[in-house]
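Chain order of the listed sequences is A and B. Numbering of the first sequence is given in this note's numbering, commencing with residue 1 and proceeding in unit increments. Numbering of the second sequence is given in this note's numbering, commencing with residue 1 and proceeding in unit increments.
By construction, these hints were calculated from the structure, which means they are not laboratory data. Treat the hints with care, as some may be off.
Heads up, the list lumps identical chains together, so a pair's fine if it works in one copy or across two of them.
[Said to hold, decoys possible] Computed cross-link-like contacts, DMTMM-like style, restricted to lysine to aspartate or glutamate with a CA-CA straight-line distance of at most 20 Å:
| no. | residue 1 | residue 2 |
| --- | --- | --- |
| 1 | 360 | 388 |
| 2 | 323 | 343 |
| 3 | 279 | 140 |
| 4 | 207 | 18 |
| 5 | 323 | 43 |
| 6 | 360 | 67 |
| 7 | 147 | 120 |
Small disclaimer: the values here were computed from a predicted structure and weren't measured.
Letter by letter, the chains look like this.
Protein chains: 2
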Amino acid sequence: MKPYNQMSASELSVLKKELDAAFLKHKEKGKKLNMTRGVPSNEQLSLCNEMMTCLSASDYTADNGTDCRNYGGVDGIPEMKKIFADLLELTPDEVIVGGNSSLALMFDNVAVNMSHGVRDGVPWQQQGQVKFLCPSPGYDRHFTVCKYFHIDMLPIAMGAGGPDMDAVEKAVSSDPMIKGIWCVPKYSNPTGIVYSDETVKRFAKLKPAADDFRIYWDNAYAFHYLGDTHKTIPNIIRLCEEAGNPNMPLEFVSFSKVSFAGASVACMASSKSNCEYIKQRLTAQTIGPDKINQLRHVRFFKNAGGVMAHMEKHAAILRPRFKLVSDTLHRELGGLGIAEWTEPEGGYFVSFDAPEGCAKKIVSLCAQAGVALTPAGATFPDGNDPHDRNIRIAPTCPPIGELAEALEIFCTVVKLSAVEKLLT
Amino acid sequence: MKPYNQMSASELSVLKKELDAAFLKHKEKGKKLNMTRGVPSNEQLSLCNEMMTCLSASDYTADNGTDCRNYGGVDGIPEMKKIFADLLELTPDEVIVGGNSSLALMFDNVAVNMSHGVRDGVPWQQQGQVKFLCPSPGYDRHFTVCKYFHIDMLPIAMGAGGPDMDAVEKAVSSDPMIKGIWCVPKYSNPTGIVYSDETVKRFAKLKPAADDFRIYWDNAYAFHYLGDTHKTIPNIIRLCEEAGNPNMPLEFVSFSKVSFAGASVACMASSKSNCEYIKQRLTAQTIGPDKINQLRHVRFFKNAGGVMAHMEKHAAILRPRFKLVSDTLHRELGGLGIAEWTEPEGGYFVSFDAPEGCAKKIVSLCAQAGVALTPAGATFPDGNDPHDRNIRIAPTCPPIGELAEALEIFCTVVKLSAVEKLLT
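Using the sequences and the hints given, assemble the complete structure.
So this is what it looks like as structure tokens:
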């Protein structure tokens with residue numbers, strides 16, 4: 001089939017009738033299919049079922065003698081810290097292990113910087129209207145944190161190698177009320193892109209106007225590769241150290257998509273000095289994270305190598321799903337000139353760009369035909385996609401048969417919306 | 001032996017020599033004994049060791065079909081909510097189950113009220129200098145939370161039936177900047193007292209000048225009885241509801257001293273309306289609590305009755321320890337007119353009142369003789385005991401033989417300090 005923009009109005013009208021009929025047929029089937037959520041499938045979760053039984057009733061002592069059942073320790077048991085440190089190529093004293101939610105660690109860090117300031121600095125909220133840079137499309141929950149704290153969100157365009165660094169440098173160096181930036185540097189949510197070495201290096205060398213500026217480096221998909229090769233990015237914490245900005249980056253990692261999404265272990269990594277500072281606050285805040293669950297993770301994965309071997313099992317489950325998305329989109333939409341999409345080598349999403357002004361409509365029509373998608377715009381600050389074009393496809397969770405059906409309906413709707421746009 | 005204040009100076013001098021010698025002897029033994037921490041002993045923790053193996057590899061589904069391994073649910077699984085609700089005589093929609101730390105839930109609640117206000121109210125921090133009433137002696141970590149948020153702490157005297165309610169009512173009704181009060185209503189930390197029915201009823205009927213005043217009802221020892229009978233207190237949430245103050249109380253409970261101190265489950269309880277409000281915030285803050293650990297607790301305890309039966313096992317372990325404290329203090333210090341102490345029927349502490357001006361010195365001398373005690377004053381706001389008298393004895397953790405040794409040294413030091421005070 002030729003590109004839609006080379007079709008005559010009558011050709012488009014014929015096509016529209018066919019697509020209307022196909023859409024109606026889908027609608028009549030009354031399916032209920034869900035592509036909204038970037039969550040692991042049952043098959044993936046089951047990879048870790050033995051974790052529930054890997055501790056014996058007498059196995060509760062950490063290597064340093066800590067009784068993991070009792071109180072004590074705000075930054076995690078040594079062997080769990082070591083696994084995170086090894087995975088991130090850091091030292092254990094640059095790691096604080098928390099509970100099961102890296103989002104909670106990020107929220108907490110923003111909350112504290114707002115109310116108490118960065119280290120001994122003036123609380124952000126006392127300095128004026130706080131702003132964050134938000135590379136977009138990005139992770140909606142980052143934007144929700146900003147919204148909760150009334151932080152202004154400044155979108156930054158995303159390219160193939162990461163955020164537009166010219167724009168980042170310009171903004172950060174000129175405005176002292178820009179206090180942070182949200183980054184998902186590897187297999188980014190939702191675009192799947194990996195920050196280039198150059199991008200990471202430029203991050204480390206930022207010269208912020210605010211001395212309390214922080215990079216929120218949400219390395220959520222650090223080990224979540226799909227391809228045969230595992231991409232690497234430079235170590236932001238080391239680079240910042242070398243550039244004289246040792247306390248600027250705050251890295252967040254979790255095992256939510258490694259072990260159990262709801263019962264995993266998350267960590268924050270930063271300079272040793274930042275970690276010491278944060279531990280002081282944690283002693284006021286909590287009796288400490290669940291050390292037994294940390295020990296469970298240590299016993300199950302053994303070491304960083306064990307984690308990476310386990311991630312290959314996840315990749316084996318996810319590869320066919322991402323291939324199905326890619327194959328279907330190519331087959332149905334390839335060469336039509338109406339859409340673009342990413343072919344991620346890791347992460348949980350495919351980022352899809354529909355014709356401008358069509359994303360909301362596509363999501364709405366899909367809903368009518370029984371396919372639930374993430375709301376259009378969710379990947380932009382305030383839910384506002386300026387081009388109404390981006391849709392996040394989340395292929396990990398539905399059974400693969402349902403995924404195939406959902407993608408078929410999705411492609412029909414995309415074509416229908418594109419034709420309708422060209423006809424008006 | 002007769003009361004010290006009836007002794008002549010020469011009698012006291014003789015006694016001092018004996019006590020000096022005894023103290024020196026203790027010191028020379030070079031013991032290392034610890035009575036600082038209100039933590040469960042190994043024996044208590046071992047009561048729950050089977051919890052580590054009580055889930056099979058295929059046991060991860062909650063009654064409502066929730067896959068506890070995956071994301072989702074910010075307020076806990078229904079069966080865990082029901083256990084807390086039954087224990088507290090509430091309904092499950094009045095309960096939010098959190099992670100492993102009730103302190104974290106309290107800190108979080110204060111943080112949010114400071115930054116965002118109570119429900120839709122003006123943030124506390126925007127209203128002026130925030131104040132909390134602090135019944136004292138009390139729990140040092142409550143005071144640390146206040147300190148962290150620069151909240152002024154106003155001490156309130158504690159009597160046999162709870163805080164001085166005349167003082168509470170007067171303060172709360174007259175000063176709109178008093179936004180909260182910390183309460184440990186049952187087997188209080190450190191006095192062990194149980195709030196009387198009258199006290200609880202007066203709490204429910206408070207008429208605060210601030211419409212965003214909150215009672216932080218830390219029911220930390222709700223099920224932690226030592227005696228043969230289990231004391232009950234009126235249901236603060238029901239009473240507040242009946243008094244037209246449904247949103248005023250925030251109750252906190254945890255299983256830290258029921259299952260594993262570091263790996264348990266905590267909850268917050270309040271009006272259904274408050275819970276709905278708080279759940280909105282939680283969706284921005286976290287991916288939700290560890291549901292697998294909740295399921296583990298549900299399988300192990302089965303129901304509220306199972307929890308209470310388990311608490312009898314804790315009581316059986318703790319009774320001899322508290323009896324040893326009581327017997328030793330009576331034997332060594334009874335009738336000397338130099339000290340008073342509590343005989344708690346539950347909880348984790350004995351509150352000890354030394355002669356005025358002697359607590360710091362006693363703690364310091366005990367340290368010299370190898371007995372670590374909680375810092376004197378820790379049970380008062382800002383660590384400031386106006387009479388330098390109160391010492392918190394924590395008998396739960398050390399092996400009982402060490403506890404006996406520590407108590408012997410402690411009593412020697414108390415007597416020595418009392419004599420020295422009388423001689424100057």
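### Message
Checking an output row: residue 360 and residue 67, CA cutoff 20 Å. Within, between, both or neither?
### Response
Neither, since 53 Å and 31 Å both go past 20 Å.
### Query
Between copies, within a copy, both or neither: which fits residue 323 and residue 43 at Cα up to 20 Å?
within (17 Å within a copy, 54 Å between copies)
### Task
Using 20 Å as the alpha carbon limit, work out where residue 147 and residue 120 are close: within a copy, between copies, both or neither.
between (25 Å within a copy, 16 Å between copies)
### residue 360 and residue 388: within-copy, between-copy, both or neither at 20 Å Cα
within (7 Å within a copy, 68 Å between copies)
### Query
Checking residue 207 and residue 18: alpha-carbon separation at most 20 Å within a copy, between copies, both or neither?
For residue 207 and residue 18, the Cα distance exceeds 20 Å both inside one copy (57 Å) and across copies (69 Å).
### Copy assignment of residue 279 with residue 140, given that the CA separation must stay at most 20 Å
between (28 Å within a copy, 18 Å between copies)
### Task
Pop the pair residue 323 and residue 343 into one bin, within, between, both or neither, using alpha-carbon distances up to 20 Å.
within (9 Å within a copy, 70 Å between copies)
The earlier numbered hints that this structure contradicts are 4 and 6.
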